[in-house]
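Given chain A, work out where chain B should sit, using these hints.
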Amino acid sequence: MIYLDYQATTALAPEVAAAMVAAMDHYGNPNSAHRLGRIAAADVELARERIMAALGKSGGRLIFTSGATEALNIAITGAAHISSPQRRRVITLASEHHAVLDTVVALRHDGFEPVILPVDRDGLVDLDIAAAAIDERAALLAVMQVNNEIGVVQPIDALIDIARASGVTVVCDAVQGFGKLPTPNGDLVAITAHKMHGPKGVGALWLRDGIDLPQLMHGGGQEQGIRPGTLSPMLCAGFGVAAQLAGDRREMDLAHVEALWARALHLFADWEINGSMQARYHGNLNIRQPGIDAARLISDVRGVAVSLGSACASGSGKPSHVLKAIGLSDSEARSSIRMGFGRYSTMDEIEEAASLINAAAEWQKVVA
Amino acid sequence: MTARIYLDHAATTPLLPQARTAMLEGFAQWANPSSPHAAGRAARALLEDARGRIARALGWGGSVILTSGASDAIAVALGRAKAARLLAGETAHDAGLRLVPAAPRLGGGAAGQVILPDAIEAGTLFAIQQVNSETGVIQPLDSFAERIHAAGALLLADCSQSAGKLPLPQAADLIALSAHKLGGPIGIGALLVRDLTLLRPAGGQEQGYRAGTEAMPLALGFAAALEAPRDWLRDVAEWRARLEAGVKAAGGEIVAERAPRLATIGSYRMPGVSAQAQLIRFDMAGIAISAGSACSSGSLRPSHVLSAMGWGAGATSEVVRVTMGHDSRAADIDAFLAQWQAIATGTRKT
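So the protein sequences, as listed, match chains A and B. Be aware that the first sequence starts at 6, since it is given in my numbering, and climbs by one per residue. Be aware that the second sequence starts at 627, since it is given in my numbering, and climbs by one per residue.
Keep in mind that a hint or two might mislead.
Said to hold, decoys possible - Partial list, derived from the structure: chain B residues whose beta carbon lies under 8 Å from chain A:
| no. | residue |
| --- | --- |
| 1 | Pro-640 |
| 2 | Leu-641 |
| 3 | Ser-661 |
| 4 | Pro-662 |
| 5 | Gly-695 |
| 6 | Ser-697 |
| 7 | Leu-794 |
| 8 | Ile-812 |
| 9 | Gly-813 |
| 10 | Gly-830 |
| 11 | Ala-841 |
| 12 | Leu-905 |
| 13 | Ala-914 |
What the hints assert, rightly or not - Now the in silico label distances, taken between C-beta atoms and shown as ranges:
| no. | chain 1 | residue 1 | chain 2 | residue 2 | range |
| --- | --- | --- | --- | --- | --- |
| 14 | B | Arg-826 | A | Met-352 | 45 to 53 Å |
| 15 | B | Ala-654 | A | Asp-162 | 37 to 45 Å |
| 16 | A | Ala-99 | B | Pro-643 | 46 to 54 Å |
| 17 | A | Ala-364 | B | Ala-654 | 24 to 32 Å |
| 18 | A | Ala-23 | B | Pro-643 | 14 to 22 Å |
| 19 | A | Gly-296 | B | Ala-797 | 55 to 63 Å |
| 20 | B | Gly-687 | A | Asp-125 | 49 to 57 Å |
| 21 | B | Ala-797 | A | Arg-43 | 39 to 47 Å |
| 22 | A | Glu-20 | B | Arg-826 | 38 to 46 Å |
| 23 | A | Asp-140 | B | Gly-687 | 22 to 30 Å |
No lab work stands behind these hints, which were simulated from the structure alone. Don't be surprised by glycine CBs; every beta carbon is placed ideally from N, CA and C.
Chain B on its own, in the form it takes in the complex:
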C-alpha cells in the first residue's frame, strides 16, 4: 500500500498544526464560558479573544456568531433574518438549497455563474455561495451586493469554501463559514453579521442568536487556523494548471474551464468512465477524491450543480472533483495524473 494521497480538501482539510496546538491549550481550560466564577471567566476571556481574532483575520468589522458549522450558520441566518422571501443561487450547496418550503432558485449560466433577476424585490434574502464547492466557480458577490442593496434586499454569502483563501465579500450582510474547510476543527463555524438588527434574536448564548454551551477549544482552533500562513495557495495555482493540462491531454474535460475558479477546486469529466468506477479505481490506488460534495457522495445522486450548468445526466455521471489544500504536494498531482491516464486508457470501451 502506497502512502495515502488526499485530494478531497473541499470535503474537509486536515487540521493545521497551529489549530491542533490551540485546541490542546483549550482542552486544559474546560470551564463553561457562561459560568460567573473565575474558571468560567477565564474560559470566556479565551472565547472572546478567539472571536476577535477570527474577525480580524477575516477583516470583518461586524459581529461574529459562533455556530456548530456552516449548515448551522445558514440555518440561523435563514431562520432569523428579517426578510420577506428567499432566493437561493442555483448552484448553492445543499445547506442553502433544501429550504422549507423549497425556495425559488436564481437562474444560472452555462459557466456556473449566478444570474440576478433584472428586477429585485425589496425584502428578498439572496443566499449565494461565493465559491461553488463542486466546480470552484467564484461569484462576484461584492458587485452582486451593490445591486441587491440598491433594491433594498439582503445578501447571505456562503463562504465555506472560500474563507481563508479569497477575500470575503465584505459588502455581504451575512456570511456563513465553517472552520474545517480551512484547517480548523470540524464542529465549529460562524455566522458573520454586518448589523445584528438584521436578525431576530431567539434567546440563549451568542447574544441570543445561537443557544448551547460554547465550545471554546474549537473556537481557539478556528482562530489559529485562520491566522496560519497561506503561502501554499500560490503553489496550488501552479499545480492545478499542470493538472488540467494533463487531464486535457488524456482526453478529459474541465468543468467551467473559462469561469473564474478558486485554485484549490477542479472538476473533471473522463468520457466513457462513470465517476463511481473512477472513485473506486483511485481509492484502490491510494488516492482520495470525490464525486461532487462529500455530503451527497454517499447517496450517488447526480450533482445538481452540474445539471444547473446544462450538463446532461450522462456527462454529469462521469465527473469527479479534485481539491487541494495546505499539505498538498506537487507529487500528489503527478500521482493523480498517472492514475487518470491509466484509468482513461484501460477502462474506456473504444
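For reference, chain A alone in the conformation it holds in the complex:
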C-alpha cells in the first residue's frame, strides 16, 4: 500500500510508538496526589513543554483535548460566549474544515450571526472583503492556516492584523501546519497529534495569556477547568515526542517534501491543480482532469491510498465543499483527487503511484 493521504492522518512515528509503550507502564492518574500520580503527571507536563516548544510559544497556556475537533469546539464556542454582547458576528471562511464551519453555524442557536466569507479561485480570502466584514460587531474570526483539502496557506498574518485592529478574537486551526510552518499569532490555536505522526485521541488548544474560556464539558475540573476528563499520559507522551520530532526534523522534512512535490508536479503535468500554486504547503496536491470519475479512480487504484477530500466527509457522497468554494463545478469537483505526502513517503512511491493513477485515468477515457 502506497499511502498518499497525509492530510487525513499520518503513520505513527517509531519514536512516538516507543514513547507510548514506555508510558503505558505509568498507570497513575495524573490528578492523583500520590507518587504514581505525580509520575503520570510528569509525563503530561513534559509533553506540554515539548509541544509549547514546537509551537514556538513561551507564554500562554496549552490545554490537552481529545483532538482538534474538540479543541476547535471549545475555542470557537468559548470565545463567542466570552465576547461582549455588542459582538454577535462569528466570522469564518467557506473553505474551513467542518469542525470549524459547523461550530460557527451552530452558534446561530445561541443568538450569534454566522458570517461565511468567500474564497477566490485560488482558495484564498480577499483581504478587502475580510477587512470590510471584520469590525467591532464581530466576536471572533476562525481561520485555518493550511487548508486540509487543497493545501493553500491563507494570508493569516494579515487577517490577524485586521482582526486585532477591531479587537476581534482569532481562533486558528493550525492542524495541518503545526510542525511545518511557523505558528500563527492567533489568540487560540488548535492542533492535533495524528496529523504529525502522533497518536489519534489527543490534541491541544493553545490560549494566549489573559483569555479564559468557559467550560463546555463538565466534570472533574482537569486542564484548569477548561477541559475535564482524565488525561492519558500515554497519548500526551506520544504527542510530545511527535511535536519534538517535527521541530527537530523540520528542515529535513520540508526539504524532503519539496523534492517529492517537484517530482509530483512533473509526473502529474497533465492534470490541473486545484488551489493557489504560490500560497501552498507542498505536501498536498489536489488535482483534476476533465471527465475523470475520481471516486471510481480511487477504487480502481487499489494499491494507492488517495482521497476525494476530507476523510470525515468521504462517506457523504457530496462533492467537497472546499472545491465548491473555490468555484469548481460539481463535475470538476467529482473529477478531483487529493494527495498528501510527507516524512515517510519515498520518491519510488510517488513514481509508482503516478504511473498507476495516470494509467487508471487513461483507461477511464478509453472506456468512457
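Just chain B now, kept in the frame of chain A:
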C-alpha cells in the same frame, strides 16, 4: 524504597496485558477509519469489530457511541438527550453534577442511597451513578429505571466504576463508560444508547453524535479489556472483608458499611487524623491511596459525596479511599493494614 503498592484503582487501573497487546496491534493500522481507501477501510473494520465486541462483552443490544471518556460521554448525553429537565443524583460524580445551569439534585439517604421523588415528571432525565466512586455504594438502577420509565422519564447511568465488575443496568436509556477504570487505555469511553432517537444528532463521526477522528487503537484496547477474565473480583471481595475487619479493630470507621457496595471500593475514616496527613504517610510508605476521587484530590475540597450522606466537615476530612483492581494481591492489604495501625497509633493525639 519498598515496591509500590497501588490501592487507587478507582482513580485509574493499570492497563491489562490483553489491552496493551491489542493497542500495539492497533498502532500498526494507523489509517483514518473514515478514509475510503483500502487502508482506511481496514482501520474502519477493526474499529467496528471493536465496537461490536464492546457491546457483546457488556451484553448491550443498543448502540455504542465511542467518546474520549466518561466525561465526554456524559456531556454528549446531557447535551443531546431529548429531555425537558435534568435531575442528578446527590452523590453523582462531578461529571454529572457540575451542569450548566446547576441541575437540581435528587435526595439521598444516610447510607448513600439515592431517593427518587414520589412524583416523577415526564420528560425528566435522571443522571445517576450505578456505583459511587468514593464509597462504592451500589444504586438499584434497574428498579429505578422501571419507575422512571413508568413516568415517561429517562435514565442516564454513569457506570464508569461498575462496568466490567457488575452487570450493567440494562434497562437504562443511556450509559456512560470509561475504559481506563476497567483495565483499558485512558482516552476512550463510550455512551451506550438504547435507542438513537433519544438523542439529537450534531453531525460528524459516530453516526453524528460525536465528532472527531476515531481513535481505533484505543477502541481495540477497550474491547480487549472488557473481554479479559474477571476471576480476580472473587479474591478482592474476600480481601476487603479482611481489610475492613482490620480497620475497625484499629479504631477506624467504614463509610456506608451496611449499604450494598462494590467489592473493589472502600472508604475509611481514621478519627483524629486528617486525610491529608494519612495520604502523605501512606505515600511515604510506598502505598498509593486517595482522599475522594482523583479529579478532586488535587483541590482538597471536602468530599460532596460524604456531606450528602450527612457527614460533618470534620469527620469527612478524615476519610481516605482504598480501591483494589486486577493486579491487587493479599499482601497489599496486609501492608496497608500494618501502615494504618502505625499511623492510627502513632499520630493520634490522645
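Quick rundown of the hints versus the structure:
no. : hint                              : in the structure
1   : Pro-640                           : holds (4 Å)
2   : Leu-641                           : holds (5 Å)
3   : Ser-661                           : holds (4 Å)
4   : Pro-662                           : holds (5 Å)
5   : Gly-695                           : holds (5 Å)
6   : Ser-697                           : holds (4 Å)
7   : Leu-794                           : violated (21 Å)
8   : Ile-812                           : holds (4 Å)
9   : Gly-813                           : holds (4 Å)
10  : Gly-830                           : holds (6 Å)
11  : Ala-841                           : holds (3 Å)
12  : Leu-905                           : holds (6 Å)
13  : Ala-914                           : holds (4 Å)
14  : B:Arg-826 / A:Met-352: 45 to 53 Å : holds (49 Å)
15  : B:Ala-654 / A:Asp-162: 37 to 45 Å : holds (40 Å)
16  : A:Ala-99 / B:Pro-643: 46 to 54 Å  : holds (49 Å)
17  : A:Ala-364 / B:Ala-654: 24 to 32 Å : holds (30 Å)
18  : A:Ala-23 / B:Pro-643: 14 to 22 Å  : holds (18 Å)
19  : A:Gly-296 / B:Ala-797: 55 to 63 Å : holds (57 Å)
20  : B:Gly-687 / A:Asp-125: 49 to 57 Å : holds (52 Å)
21  : B:Ala-797 / A:Arg-43: 39 to 47 Å  : holds (41 Å)
22  : A:Glu-20 / B:Arg-826: 38 to 46 Å  : holds (42 Å)
23  : A:Asp-140 / B:Gly-687: 22 to 30 Å : violated (54 Å)
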